[in-house]
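Sequence lines, in order, name chains A and B. Everything in the first sequence is counted per numbering that gives the first Met the number 0, starting at 0 for the first residue and increasing by one. Everything in the second sequence is counted per numbering that gives the first Met the number 0, starting at 0 for the first residue and increasing by one.
Careful: at least some of the hints might be erroneous.
Claimed, not checked - As a list, the in silico SDA-like pairs of lysine to any residue whose alpha-carbon atoms are at most 20 Å apart:
| id | chain 1 | residue 1 | chain 2 | residue 2 |
| --- | --- | --- | --- | --- |
| 1 | A | LYS408 | B | ASN119 |
| 2 | A | LYS50 | B | LYS86 |
| 3 | A | LYS339 | A | ALA351 |
| 4 | A | LYS213 | B | GLU258 |
| 5 | A | LYS229 | B | VAL134 |
| 6 | A | LYS408 | B | TYR122 |
| 7 | A | LYS150 | A | ALA351 |
| 8 | A | LYS369 | A | ARG147 |
| 9 | A | LYS278 | B | TYR122 |
| 10 | A | LYS231 | B | ARG133 |
| 11 | A | LYS347 | A | MET335 |
| 12 | A | LYS279 | B | GLY126 |
| 13 | A | LYS229 | B | VAL136 |
| 14 | A | LYS57 | A | LYS73 |
Unchecked claim - Chain B regions said to be covered by chain A (calculated; three or more residues, Cβ under 8 Å):
| id | segment |
| --- | --- |
| 15 | 120-126 |
| 16 | 129-138 |
As the list claims (entries may be wrong) - If the Cβ cut is set under 7 Å, some of the chain A residues that face chain B in the computed set are:
| id | residue |
| --- | --- |
| 17 | GLU208 |
| 18 | GLY217 |
| 19 | ILE224 |
| 20 | PHE242 |
| 21 | GLN383 |
| 22 | ALA395 |
| 23 | GLY397 |
By construction, these hints were calculated from the structure, which means they are not laboratory data. Glycine included, every Cβ here is placed at the ideal spot set by N, Cα and C.
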Amino acid sequence: MRRACGRGLATLLLCAVAALGMLLFVEPAAAQSGGKVRIGAAVCLTGGMAKEGNQVKKGYDTWVEYVNTHGGIKVQGKAYNVEMVYYDDKSDTPTSAKLTEKLITEDKVNLILGPYSSGITAATAAIAEKYGYVTLAPMANGDFVFQRGLKYLFSVLPPASRAIKYIPDIVVKKDPTVKTYATVMLDHFFTLPLGEGIREHSKELGLTEVYYGKYPTGTSDFSSIITSVKAKKPDMIYVGGFFQDLVTFFRQAKEMDLNAKAWIASAGPANQNWVDVMKKDGDYVLTNTFYNPALEFKGGPFPTTKAFNDFWRAKYGEDCDHYSSCGFIAGVLLQMAVEKANSFEQAKIRDALANMDVETFFGRFKFDEKGQNIGGRENVMQIQNQKHILVWPEVAAGGRFIYPVPAWKDR
Amino acid sequence: MIAQLIVNGLLQGGFYACIGVTFSIVFGIMRIINLAQGTQIILGAYVTYMLTQALQIDPLFTLPLSAAVLFLVGYGIQKYVINLVAKGGLVITSLLTFGLNLILINILLLVWQADFRATNAPYMSLGLMIGGVRVPVVRLGIFAAAILLTLCLELFFRRTKTGNSIRATALNPRAARLMGIDIGRTYCLTFAISSALGGAMGTLYVISKPISPFTGGDFLVTLFSVSILGGLGSIPGALLAGLLLGVVESVSVIFFGVEYQRVVLNLLFILILIFLPKGLLGSRFYD
């Protein structure tokens, strides 16, 4: 995410120049092109974020196939089959912005599904807004994306500042004697909100912060940080960073024998890759996830989360992952909004989303005036025995939260 | 805590020193800034990753192979690419290595995608307590290997005929040619040796840390700082500089906090350029 986001300013400038030059207002094209509705998406199919982008696309494609075999999108008594128009944004923000403009002005698609990553979404949503198009973003949770007053942007994921905010609740409920914590955060716009959220909530819980450190991107040695944290003997340790940062941090924590009763980390342990790389050293970490097959939510096109996951397993032979699930639910929400608006008019779809409050097999969706999903809450997983186990909400299919975390030498 | 921080710094500094040496010899001897060096190190790491995945062997055993592969890659790059424009000067060769870096990164992306990869040796993350100081075993091993390889290189330069011809070429290419030294071949060898050592460092790096095609970029500031602080082309200088940088970086945490670790390093770099342009043991990096 971080690479593509760096060009945000340049893109903003580009948008401003484009907006000045553009006096032509393009009317969103009508849907009745042979009973088809065309949905455009520019996603990362190559480049640094190709893996994530392709997973999102898989979610989109699976949703499209599902809709088309289940009666299409219904507007004013007519059923419309979905046809996707894809472009590869090469994981590059300005390219994605240009392609989004092309989708709207040249391809004249009826609807837009968002790209991958917060940084790219910030740029494409501004373009779509200029033409009065709704952007339904599958994977943008950076708080900064929503602080620009965009009216047509709606996000599947809850904002990052809430992502790990409530995880200490689980620990405090289990052990009210927990008093102190240390926070180590990557100094990056993607991870700082994670830290702000959890620190704010920890203060509300009456916990004391004994250490706070921000490390720069590209840090490959955490030994000084770990030495400082170890000297403070915190009960809990919160770590924020990207996958590679967290792998290095946890490996060095073991080397330096840094222990705590609970470890909370994001974003990295949620990936399957975490278990592959860390093996048993990756165990016991608490982390956030939006989707997990063990969830027991109800509603939407599938009666339960399990029913959705069974459908996915039957098709692909594996559980649906975080990225594909967000792609799929983005399509579902767009369909719900269009059907509620009973129109392909963007303004009406926007209003439908703004007033939406639904329970789905993914959880609840309700958007605030910034377009952030404040109805949903990220769920909590703990890595146990090299598996991702859902520990909150406490559902039948989930597992038991293991506490306290054993010291490295006892594992 | 201070003792722990100094040990942390020395262990990290050993690695800095060694990657600094690889950059320094090419820079000092041929006046070529090899901007692809970081990615070449990572290429060595990928060779190790690939072999450990395919053969399920200890990553340390792959060190000679990743060094050999990188030796060939380095030789080829110098012979068929850089030598063709070597006379063009610093700007042209820098542009060339910048481009090479992009090509290498994209090849890595094509073959291994942007995912982070890591090896998992059984001795990973073990630590020893020595006099109240925690010493991670892997880092100690990496430190020892780095120092050993660097010393071998120094011996090679001082004691062998080829080593002497490389040093002679560095001092005065024209005079060296008059003495019958094949400059083109010497350049190829120098570059290849630097790449091979880089490849070996890549193996050591991937034993403890995850890699992606972009990881090499993070090495550049360290490469520059170590080679300039040490004095261009000076192997003992780079060794000293690497250790010094490691310790300064680590201990600065006490005074300035983690946020400013990088700032302290970069500040130190600027001060060296102003007050100590020849580095600790060597020549000025600019004329």
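Hint check results:
Distance restraint check for LYS408/A and ASN119/B: the Cα-Cα separation of roughly 18 Å lies within the 20 Å cut-off, and the hinted pair is therefore satisfied. For a cut-off of 20 Å, the pair hint linking LYS50/A to LYS86/B is broken: about 42 Å separates their Cα positions. Among the hinted pairs, LYS339/A with ALA351/A is consistent with the structure: their alpha-carbon atoms are about 6 Å apart, no more than 20 Å. Distance restraint check for LYS213/A and GLU258/B: the Cα-Cα separation of roughly 5 Å lies within the 20 Å cut-off, and the hinted pair is therefore satisfied.
Between the alpha carbons of LYS229/A and VAL134/B the distance comes to roughly 14 Å, so the proposed pair stays at or under 20 Å and holds. Proposed proximity of LYS408/A and TYR122/B is supported: the alpha carbons are some 14 Å apart, at most 20 Å. With a C-alpha separation of about 12 Å, the suggested pair LYS150/A and ALA351/A falls inside the 20 Å cut-off, and the hint holds. Between LYS369/A and ARG147/A the CA atoms are separated by roughly 8 Å; this keeps the pair inside 20 Å, and the hint holds.
Note on LYS278/A and TYR122/B: the hinted pairing holds, with a Cα-Cα distance of about 13 Å set against a maximum of 20 Å. For the hint linking LYS231/A to ARG133/B, the alpha-carbon distance of about 16 Å falls within 20 Å, and the restraint holds. At roughly 12 Å between alpha-carbon atoms, LYS347/A and MET335/A fall within 20 Å of each other, so this suggested pair holds. For the proposed pair LYS279/A and GLY126/B, the alpha carbon gap of about 17 Å is at most 20 Å, so the pair holds.
A C-alpha spacing of about 19 Å is found between LYS229/A and VAL136/B, which places the hinted pair at or below 20 Å, so the restraint holds. Of the pairs offered as hints, the one joining LYS57/A and LYS73/A is violated, with about 23 Å between alpha carbons and a cut-off of 20 Å exceeded. With 4 residues having a beta carbon nearer than 8 Å to a beta carbon of chain A, the segment 120-126 of chain B meets the requirement of three or more and the stated coverage holds. Given a C-beta distance limit of less than 8 Å, the hint that chain A covers the segment 129-138 of chain B holds, as 5 residues qualify and 3 suffice.
With its C-beta approaching chain B no nearer than about 14 Å, GLU208/A sits outside the 7 Å limit, and its interface hint is violated. Satisfaction of the interface hint for GLY217/A is found here, the shortest Cβ-Cβ separation to chain B being roughly 4 Å, below the 7 Å cut-off. Here the hint on ILE224/A is kept, as its CB sits about 5 Å from the closest CB of chain B, short of 7 Å. Given the 7 Å rule on beta carbons, the hint for PHE242/A holds: about 5 Å separates it from the nearest Cβ of chain B.
Checking GLN383/A against chain B: minimum C-beta separation of about 19 Å lies over 7 Å; hint violated. Given hint, ALA395/A at the interface with chain B, is violated; its Cβ is 34 Å from that chain's nearest Cβ, farther than 7 Å. Because the closest C-beta pair between GLY397/A and chain B is about 28 Å apart, greater than 7 Å, the hint is violated.
Taken one by one, the earlier hints fail for this structure at numbers 2, 14, 17, 21, 22, 23, listed in ascending order.
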